[in-house]
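Trainee: One letter stands for each residue in the lines below.
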Amino acid sequence: MFCIIALIVFSILGIFSATHRALAKEALDCVFRRITLRPCNTGFREKIKSQILVRLLNRSAFLARLFSRHFELLSWIFFILMIGSTFWVVKGGYNYYLYGSCNGLNQSGFCAFDPKGENNKVTEINTQCGAVEKKEENVTLNNVDLSSFPTKNIGSKDTVVLIGCYECDYTRKAYSDIQKLVREKKTNYIFAHYPAKENTNYLSEVGYCVYKEYGEKFWPFNNYLFTVDKVEIYQPEYVGTILKNFDFDVNKINDCINDPTTKEAVSNQVNQLVKTHLYGTPTVFINGKALVGPKPYRVYKSMLNKFIIF
Amino acid sequence: MLNYEKIKNDFPLLNKQFKEKPVIYFDSACMSLKPRQVIEAMNEYYFDFPACSGRSSHKLGELVTKKIKEARQIVARFIHASEQEIVFTRNTTEAINLLANSLDLKSGDLVLTTDKEHNSNLIPWQLMVKKKGIRHEIVRSNVDNTFDLEKYKELVKRAKLVSMVHTSNLDGTTIPAKEIIKIAHENGALVFLDVAQSIPHIKIDVKDLDVDFLAFSGHKMLGPTGTGVFYGKSNLLEKLEPFMVGGDTVEYSTYTDYKMLNTPEKFEAGLQDYAGIIGLGEVVKYLEAVGFDNIREQELKLNTYITEEITKLSKIKIIGPSDPKLRSGIISFYIDGVDMHQIALMLDEMSNVMIRSGQHCVHSWFNDKKIKNSARVSLYFYNTMEEAEEFIRCLNKIIKIL
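Taken in sequence, the protein lines are chains A and B. Numbers 1 to 310, taken from my numbering, label the letters of the first sequence in order. Numbers 1 to 402, taken from my numbering, label the letters of the second sequence in order.
Extracted from the complex, chain A is given alone in its bound form (with noise of 0.2 Å):
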């Protein structure tokens, strides 16, 4: 039995190390000579207890008896918690190519691959009392209205929508990487801004009024307004200058923002995506499956692709 265990264990191991992988090519053939119903002569199992048994001798005699006297159960233990291990490991890699952190989707936890759990971290917005708790399960498009936010590629079998806000850092960076996803994959994109930072409150009836008065010349506008400096951003007379050189009609814009029916549209547009439970921006849904932070390119991809197993 410790042979099967060894070439496992040795095997996983070898995966990373020659020394271990001779080890296992050894652990190999004392399998094969049990399989084939021949004694395991090789000593394996003898080499490897002597190895281990002399370092622990070396330090404790203590601990080298309590190991030579229990070494079948101890190689189990071990072995129990290698396979543990080995299946975390691996979920956590699957995990992290899939959503961009070891624990699943939206899981801030701690991962090995992404240390400083750069592709969980959301701008927070206020919550409200009597708010759902935020918790990603919670974060949905369920009886939620977006048929007023900016919408582009309709009628197309994905739909991806960005809920972020403008001066928002993570946002900023997840932002490329959904415009190459709808770039790429044609998909129905709608974009709703969250006024998460009061320095770009005022931003949403601007971009409100762009979509309304001129369609889809709000996407470059909008793409502008997500990759200029963010100081540009912050004074609204800054952003007249950015709407004159888009060749937009400011005072038309301006009326469109002072229009009392604007301030309601924007105003329900904020309680739809209050409805979603939102916690953070960005939140991605993709397909209806939320995406709270930015993350990688592949994750976003891999969402549209289906091949998710947990």
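These are computed hints drawn from the structure, not numbers from a lab. Do not take every clue at face value.
[Stated by the list, open to error] In silico contact screen, one side only, chain A against chain B (beta carbon under 7 Å); selected entries: (1) 43; (2) 46; (3) 51; (4) 53; (5) 61; (6) 103.
Predicted model only: the values in this text are computed from it and were never measured. Glycine included, C-beta positions come from ideal geometry on N, C-alpha and C.
The hints should help you fit chain B onto chain A, whose structure is shown.
Mentor: Okay, now just chain B, sitting in the frame of chain A:
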């Protein structure tokens, strides 16, 4: 008196280290270390005259022929034989097979062996039982594993051949060869002695022993692997039919016939290990220079110390007589319920102490006694007291955790 500085210089391995520790080589019964002089003699063949012996008449061929002849003379002188009585083989095993297959054994002929034979002196006779219908009987040892002469006297009366290990590789005990041979001859039996384990440690004189056949290997006596010697009294060798024939065993051949060469050539079929044979000649010179008295003295000193220390460990049982004087350079021991491979591997891992573990090719004895295996320390003159002390220190530590 041994000069250890010189010995250390002579054996390259003794100057090497593994994991920053020197090698403590206690496995000479399996394979002895090789002195520089032997290695150089072999290298000289490969570098300077790598030609055939006894075939080519050019300068190099003649030089090899001369060197091989010299080696044969040296070996013959070493055991007090004549040149024609020395047949070079690959090892003792081949020599015994030669004898088993060449001797005119008939159905019903009895071959006697001891109960501690190496497989090399057991299986060939068991095979002959199947092939020719000979009988094979075993002279069981006394309780302390020494030779039971009385039992032997009863069995030898019906024997055609007594084929026995001189010094056992299992426990180091040496049988009273001279007496055994005398009794055998009185009863009309021939005697073969396997001296592979005795010739590295004691002086062997075939004339004094009056032994009929004898064999030993080079690799256990500081010599190269793949070399061995089969000795036979010349009148007996002449009667033996060769076991293997071919190149360099015949004077001439036609499509229908051949004429065999005389001994020893008729037994040395095919191209020989010339480098090895030359090395073997060099070994004899080296051993004679060291001196068997010195070898014996050093082995006994170390064996006595190790035996005394091991005896203090209650768990350990020594195979064979308790008196180290009766066990050559061997201390073979076991612990009930413990796999001795484990101990050997740990000694190696701890301090590069290299001993052998297992059944030492004497499976029959272990199976009969129902002992799983043993660890065997086999000493030679190049081992030191410091090495023996380190072995005991490590063994003590290991025993405590088992």
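Trainee: All the hints need checking, so say for each whether the structure fits it.
Mentor: Cross-check of the supplied hints:
1. 43: holds, 6 Å
2. 46: holds, 5 Å
3. 51: holds, 6 Å
4. 53: holds, 6 Å
5. 61: This hint holds: residue 61 of chain A lies near chain B, its Cβ roughly 6 Å from the closest one there, short of 7 Å.
6. 103: Interface hint status for residue 103 of chain A: violated (41 Å vs cutoff 7 Å).
Hint 6 from the earlier list is the only one contradicted by this structure; the remaining hints agree with it.
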